[in-house]
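S.K.: Count the sequence shown with this note's numbering and you get residues 58 to 579, in order.
Because the hints were derived from the structure by calculation, they are not lab data. Computed from a predicted model, the values in this text were never measured in an experiment. Every residue gets a Cβ at the ideal spot worked out from N, C-alpha and C, and that includes glycine. Honestly, I wouldn't trust all of these hints.
[Claimed, not checked] In the EDC-like style, the derived pairs of lysine to aspartate or glutamate whose C-alpha atoms are separated by at most 20 Å in a straight line are:
| # | residue 1 | residue 2 |
| --- | --- | --- |
| 1 | K565 | D576 |
| 2 | K215 | E239 |
| 3 | K548 | E239 |
| 4 | K122 | D104 |
| 5 | K108 | E96 |
| 6 | K553 | E506 |
| 7 | K326 | D373 |
[As the list claims (entries may be wrong)] What follows is a list of derived Cβ distance ranges for each label pair:
| # | residue 1 | residue 2 | range |
| --- | --- | --- | --- |
| 8 | R283 | L352 | 53 to 63 Å |
| 9 | N509 | E182 | 47 to 57 Å |
| 10 | R127 | R160 | 47 to 57 Å |
| 11 | R364 | E279 | 56 to 66 Å |
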Amino acid sequence: MLLNNTIIALTIFGLIAIGLAIGYFLKFRLSQKRLESSEHLAVRIIDEAKKEAETIKKEAVLQTKENLLRLKGDFEKETRETKQDLDNLERRIRSKEESLDKRIDTLSQRESGIEGREKALLSKESQINEKHEKLNRLIEEQQNKLEQIAGITSEEAKELLTQSMEASAKRDAAILIRKIEEDAKRDADKKSREIIAYAVQRYAGDYVAENTVSVVNLPSDEMKGRIIGREGRNIRAIEAATGIDLIVDDTPEAVVLSSFDPIRREVAKISLERLITDGRIHPGRIEDIVKKVRLEVDNIIKETGERVSFDVGVHDIHPEIINLLGSLKYRTSFSQNVLQHSIDVAHLTGMMAAELKMNIKEAKRAGLLHDIGKAVDHKIEGTHAAIGADYAKRFGESPRIVQAIAAHHDDSRTNTLLGVLVQAADTLSAARPGARREMLETYVKRLEELENIANSFSGVEKCYAIQAGREIRILVGSEKISDNDAVMLCKDIVHKIESELTYPGQIKVTVIRETRVSDFAK
């Protein structure tokens, strides 16, 4: 049994070995056939590629030949066109050369003619000079004879004639001026409005000097260190919260707040004063105080605007205009408070409107609002008159009010009567004595120059500058100056003051001539 199993196992093993040998042989033959077919395919592909490459090469050669032929044709065509252009240019040059030769011949002929004329003119000029010399000699001889007959020289005669003509012209001018003024007075009822309106106009330059700093007093110099804070944190917090520049320098017991915005300066000043009084200075406390003070200042601005409009008698003003009006409380111009100036202008405009039988409320409204542009002119480009007119128009003011605000610094005759009144009131408020600070030396010097100008004219006996330099009164001798001469003297002094002096507002010139007759009863 064991032998049979062994024989069977060997038989099966032998069959498996034979199968494996047959499988390997068949796989080897199949691989050889595949390799042979792959080699045949590769050879065929290479042959086809060679044939295709030859075809492409032939096509490329043909294409190149065609391109060469086309380029050759284009080049020959361009060459022919260039040659034709050159031929045309050569013909034009030849024609221009011919015309130039003709012009040169013509110019040569003209030059020869001009030379001949020059010679003729020179000869004529010499003849004329000889005649002039003869004429001058004759005139000189006649002049000498006339001087001998008259007993005076020609220069003296000219001076006498000039003086006579000047005196005659002055008398005629004075008579004419007096006649015109008398006619104007007789016709005053018809032309009073126009005369008053244009008489009060003057030039007002657009110069505005603003106070841009505020000073806060300190209890001691030690407070400066607390205001600055550790590594400058307190001063940075104040500047960030208020939008101003805080200057801490060597000034004893004081710091300076600098900003073009007067409201920001006021908020910063009040806030800093409260922080100094409280003593607790740190970033958190600074922000709280600034917020509270800003609300308080806004309320003060609103209340101030409402109070001023009520006091002046101008109602129904837009709230934004009220705020602008109230903010003028913190604005100055030439050291004059702009809000107080606006109130003065409103009252003056109302008074003049009453005299001219105009609308008084409208005049006061225009006068009160004429400078509202100064509340924001540091934030917006342009003149304060244009800015104020734009805000007034935006918030519903009438066109007449808007025009009066826009033109209150305009000297043209296209201005309306209301605009002229506002301009005159603005001038009066700014020019009245004490309205604006001046240096004492400048003030005294202006008075001296004013009196010196008046004394420089002949016939003036005494002169006095009065009304803080707003008026000068001149006394003249009645025996030297006539009534007509007094009129001319006043005009001459006015012209000289306008040309030589610089002054705010206007100066009234009064020439006084009187005749006194005295006698005694015995």
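S.K.: All hints, please: hold or fail.
M.R.: Consistency of the hints with the structure:
{"no.": "1", "hint": "K565 to D576", "verdict": "violated (35 Å)"}
{"no.": "2", "hint": "K215 to E239", "verdict": "violated (36 Å)"}
{"no.": "3", "hint": "K548 to E239", "verdict": "holds (16 Å)"}
{"no.": "4", "hint": "K122 to D104", "verdict": "violated (27 Å)"}
{"no.": "5", "hint": "K108 to E96", "verdict": "holds (18 Å)"}
{"no.": "6", "hint": "K553 to E506", "verdict": "holds (11 Å)"}
{"no.": "7", "hint": "K326 to D373", "verdict": "violated (33 Å)"}
{"no.": "8", "hint": "R283 to L352: 53 to 63 Å", "verdict": "violated (25 Å)"}
{"no.": "9", "hint": "N509 to E182: 47 to 57 Å", "verdict": "holds (55 Å)"}
{"no.": "10", "hint": "R127 to R160: 47 to 57 Å", "verdict": "holds (49 Å)"}
{"no.": "11", "hint": "R364 to E279: 56 to 66 Å", "verdict": "violated (41 Å)"}
In terms of the numbered hints stated before, the structure departs from hints 1, 2, 4, 7, 8 and 11, listed from lowest to highest.
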